[in-house]
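Residue strings, one per chain:
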Amino acid sequence: MPPICPYCSTTFDAVDKLKTHIIAEHGAEPLPRPEGLIDLMVNGERYELQVEPNVTLYTVIHDRLGLTGVKMFCDRGACGSCTVIMNGRPVLSCMTLAIECDSATIETAEGIAAAKHPLIETYVKHHCMQCGYCTPGFVVTAKALLDRNPNPTEEEIREALSGNLCRCGTYPQHPKAVAEAAKLLQGGEGGTR
Amino acid sequence: MKNFAHINARSLDEAVTALQRYGKRAAIIAGGTDLLGKMKDEILPAYPEALVNIKTIPGLNLIEEKKGTLSIGALTRLEDIAIDARIIDGYPALAEAARRTASTHLREMGTIGGNICQDIRCWYYRNQNNRFACLRKGGGRCYAIDGDNRYHSIFGGSVEQGCYAVHPSDTAPALIALDATIKTSRRSIKAEDFFQVSVAKTTVLDDDEIVTEIQIPKPAGTSAFVKFALRKAIDFPIVNCAAMVTVSKKKVTAARICLNAVYVKPYRATAAEDAMKGKAINEANAEAAGAAAVSGARPMPYNAYMVQIAKTMVKRAILGCA
Amino acid sequence: MNKDDRERIIAPEHTLRADKYPLEDYSAIGRRGVRRKDGYEKATGYAVYTTDVQLPGQLMLRILTCPYPHARIKSMDTSKAAALPGVRALLRYDDPELPERADVSGHFGGGTEGHEPVLNRVGYWQGMPMAVAVAADTEDIANEALGLVEIDWEERPFNLDQEEALKPGAPLSNPESFPDGNFVIPAQQREAKVVWGNPDEGFKEADRIIEWRMRKDKENWVGPERPNGLFRWNGEYPEVWLKHQRPHLSKRQIARFFKIPVSQVTVHCLYQGGTFGGWSQMALNMQPNMIAGILSKRTGKPVKWQFTRREDFCGAGMDNARYQVKVGFKNDGVITAVAATSCFARKGFAHLGHFVENTRVHHLLQESNGAVLNIMPGSAFRCEQNMNALCLGAVLNRVAEALEMDPTEVALKNDGVEGRPMADLADLKRAHGFGGDRDSLKECIEVGKKAIEWGGKWHLPGTKRLPNGKLHGMGFTFTHEWSDSSGSGALGMRIERDDGSARILAQRCDNGCAAETAYCQIAADELGFRYEDVHYRQFEEAGFTTMTPDSSTNLTVNGYAIRNAARQLRQKILEIATTPRIPERPDMGYYPPFPDYKPEDLDIKDGVVYVKKDPSKRMTMAELVRPAFFMGKMDIGSTEPLFAWGWQNQQGAFMGTPGPRPIFVRQAHFVEVEVDPETGDIEVTKVVNANDVGKAVNPEGVEGQQYGGSVMGISRARAEDTIYCPATGVVLNGNLIDYKINTMLDCGPIDTIIIETGMGYGPYGSVGIGEDVATVLPSAYYAAVHNAIGAWVDMPTTPDRVLKALGRL
Ligand code: SF4
Ligand code: FES
Ligand code: FES
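Sequence order for the protein chains is L, R and U.
Start counting the first sequence at 1; every next residue gets the next number (the numbering used here).
Start counting the second sequence at 1; every next residue gets the next number (the numbering used here).
Start counting the third sequence at 1; every next residue gets the next number (the numbering used here).
Okay, chain L solo, but in the shape it has when bound (with noise of 0.2 Å):
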């Protein structure tokens, strides 16, 4: 249900407007936001929900959200698996407890995908995955560091996946991967088939 006026029963899109509205229109304190209620914007989707405060992101995007791109490898801030970016910021799900997520923007493997990011073909076309279940983690963590440095050497991508672990050894492969769709966001030929 849209937040709703309760003065005079205008609906807003989001929780904001209707305190600006209220202190603006009626002239009243809004009324406080019941504890635990965030609103997130998950892949450009915008979500409203009611958390427990040990609640983690992972959790919420996992379980609640049904989005499978967060992986569980190592539950404690050690492998990168659960990585969404939040705020153009690469994170670990696992760490964050969901109830400081408030307003929030976040992005995971599907969002990536569902905007047709280059990294998911040089991915495959590079085999980046062999169980597969340390990639999306991986693709996460690539994607927040071309929004950042879109050109990166070698080195530079290779510091910045160093926080996720693959136990297949896929390794070698990212850099590659990486190099390439930062060379299609260029406009560069990439080779993809």
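Hint data in this document are derived by calculation from the structure and do not stem from the laboratory.
There's no promise every hint is true.
Stated by the list, open to error - Footprint (simulated), chain U over chain R, 3 or more residues, beta carbon under 8 Å:
| no. | region |
| --- | --- |
| 1 | 122 to 129 |
| 2 | 147 to 157 |
| 3 | 232 to 238 |
As the list claims (entries may be wrong) - Quick list of the computed label-pair ranges, beta carbon to beta carbon:
| no. | chain 1 | residue 1 | chain 2 | residue 2 | range |
| --- | --- | --- | --- | --- | --- |
| 4 | U | Asp-77 | L | Glu-155 | 53 to 63 Å |
| 5 | U | Ile-151 | L | Arg-148 | 45 to 55 Å |
| 6 | L | Ala-114 | U | Arg-298 | 35 to 45 Å |
| 7 | U | Gly-300 | L | Arg-64 | 37 to 47 Å |
| 8 | L | Glu-155 | U | Arg-465 | 25 to 35 Å |
On a predicted model such as this, the values are computed, not experimentally measured, just so you know.
All C-beta atoms, glycine included, are put in the ideal place defined by N, C-alpha and C.
Given chain L's structure and the hints, the job is docking chains R and U with the ligands onto it.
What follows is chains R and U with the ligands alone, placed relative to chain L:
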């Protein structure tokens, strides 16, 4: 993870009030990368009743250089420190320490305030479900003494037969070498006086005290940071070392050298500092300073190798200042 | 199906020679750049693993794990736990429904292994799941309930070290099952002492004899998806989501356990987040599934279980062994005898098998002692040949050291099969259907040496310091390639009516080596289809006793099964194209599309059927098979369903038993390291893998196993070890911070070289690759470290060991 109450503090005062309300039963959360691991593993005898989130306090996330002092807000992410051109240029030991901390993601989440306030990594202390209720948790004994102590102190315990867990921070020795001051919600503390050991504590902070800012005077000399770990990313240090050395006419006039992960708190290697005074920075002198730094080492059964590494780290940190 | 295919199926001895009917032309097979079938799903996160599955109303199951290395429960009070709101069911060790012992091991599926109490009252290692299980609305509630279980423990003395455990007076590690002592013959070996030839003779022939001790510590598998499962009791029969590499065996076990027909058990085996041949909680692998089954039945709700990462670390380890090795050799480098005694933490595997299979050394003595300990059980982790590979590598390199010889020369001198030197084996190669003239090891060594610049870089041990102050080392090892588990594979293949695409239906146990892609490549070439038109679909019922989802042997068995199915299907297509089904009704399409031809006049290429002599007479598969259904029209399709089964039996040579299939394909690995003499740090600066895989069906997949195996092999050799507290017997590093698996920065560049001599027994001359690089590579690393510092360092080569070997401690 068990549940808890959660408070988003909108100001320092609000945070302090919340902490006072809960006393020892609350914990501060910033980056959360250390705290949530402890909570998930339920390593502590008492689970926190409330978390006070200080990320919502405005004004604590900044890097500023003014009048010869660098100010870093406590909530500044380690990654932002690692890539800041002013810090890389003027305070390389800190930039490098931040860069070598954990992994990309953890640096994007973890704050400098959190990094210096983090808890010890002793694997007995951290064993799940409070498996070892050791001294550090108010229990009767230290399990590391008879156990596997390959990552424990080489300079003795905190008190007689006391805790041998080392302090794991990478940035702490850099801040000490750079002679930083830590500002809290109620006072200013010299970085080297900031750390201490007691039950469930690694700093001198009171339960309701919050680190707000770190101030570093423009270094007179050059600084460097080196780290030894089994892996090139993710790992906590086995040994790290930061040095700041001032040289005049090819002779060292002042040196501040700090090791970490070798003792219960960052270990200022004064013997190495003294050894360097009046000497040129070269392989032989640095080597001698390294040897001096570990001359008082008292390794445990499993960690004699750390002495050799510590010695080497001191030497390399000094040479890094050349 | 041709005669060869048929014989291979009905008479296992026919798998003892080369593929007689490879294709003349390959199109998809061996081609680079075919798009991985699982790539997009995995890159985007859409690939679903068992852990991703959630069912409405599912309960979460948690099982108590033993906090001590050895302890018995005197009494247990579960009343508080049962009363906790949200707890829906609780199972205790004394529950009347539990059998006294059951097959819960999950690996051997009905053998003698793993007959254990489902919930034991005694814990034999810290972290063993035991005594009580709770199913609750959430994992947190289940955990809280476990915390409320009150237990009066009787702690028992324990053993952590095999040599200590075998000394007189050592306490019993498991008095219930091993009341007479801690000694066991390691699992999978029939006898403690095995002799080949006449070792005494062999040592007499020797010019020199050397002897040493070495050890290898406890690695852990660390599969990224933690062990988990989901059990839904659908009224009378269960539906199970299994993370398991042998789902077909598990299915059988579930049926037997619950006394229901196998055909009424539905098993879903989704993508596997790592399997690597072994997986944790090996000894009790099916235990949580059985408990989930019981509680799902009782509560009428789906029950999901999942170990924590720490629990997973306590489940099973690998390689924990000590060796005493003695080697006799001639001054020219020819080895005359090897005697090696091992002491394993149960269970252990053969350690001289590769000498039997793989060298000309025919005087061998292998003695294996095992001890029951109070640490996690041993399991095969990519793979049980670790011990074999380590012993071969160590012997080869020690002999080279003693003679100041280049180890690649020692390797070539001793390469052979079952006691005969390789140079004399041309006739044997021919007898098994291979050309006979290629020398696999020679080729591997030649290209490998070139790639790593061995000629200019190799030196005598401990003799090269680099300008940066580090010690430089070059290491080498070799062994054979393997794909020799015995077993069978079965699968189905069909042509879809609507578009003429082909689909393989087989039980999936995807473990990441691009096997499904390779299967599609084979099917495409055998059918004459485009690769893009062939797909793989998980279909569990096709998998009864199949090799399909086995981790030790995939392609080399299943490739034949695919080929059999494809050849039958191709024949059917051509018959349908030329034979009228109902000649009376040509108007309804029941008339052959190619009426005047015989099947042999036609061919299929790129999914188009055409007349060989007149390719203008052509029809696409889609046109040929016709849509399945037209509304309002009588044309319900012109062809019968196009479906075929394929299957394949394989008789294997297994673990050091002289094989009926002498193995001619080899692999050679080269590692370059720099050792920091001041810290003991070892940096791997270059790796070269030269693998003769016979025929690479999917070259990128092969390379993936090469560099992937190298990364894992280096990781295992450098720093991986599950660390037990010597005083309390508790695992100390059961997490991914303290257990050190390689990051992207911890391994230098890896050159992968594929050699294709065609001397594998798999289809088209192929051979397995998935297990071996990770297993063999540690020996090359071990040799490189020795070459750098001039002393041997046991693996993992942690800085303390290196500094000690350097005399710095
Ligand atoms: S070293 Fe300290 S934290 Fe570790 S077991 Fe001993 S007292 Fe506890
Ligand atoms: S699962 Fe979150 S970092 Fe590993
Ligand atoms: S592909 Fe399996 S863990 Fe990375």
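Verification of the hints:
1. With a threshold of 8 Å between beta carbons, the proposed coverage of the region 122 to 129 of chain R by chain U holds, since 5 of its residues qualify and at least three are required.
2. Counting residues of the region 147 to 157 of chain R whose CB falls under 8 Å from any CB of chain U gives 3; the rule of at least 3 is met.
3. Only residues whose beta carbon comes within less than 8 Å of a beta carbon in chain U count, and the region 232 to 238 of chain R has 6; three or more means the coverage holds.
4. Taken as a hint, the range 53 to 63 Å holds for the pair Asp-77/U and Glu-155/L, whose Cβ atoms sit roughly 59 Å apart.
5. Between Ile-151/U and Arg-148/L, the C-beta spacing of about 53 Å keeps the proposed range 45 to 55 Å intact.
6. Here the CB-CB span from Ala-114/L to Arg-298/U is close to 43 Å, well matched to the stated 35 to 45 Å.
7. For Gly-300/U paired with Arg-64/L, a C-beta distance near 24 Å fails the hint of 37 to 47 Å.
8. Under the hint 25 to 35 Å, the C-beta atoms of Glu-155/L and Arg-465/U, about 26 Å apart, fit the expected range.
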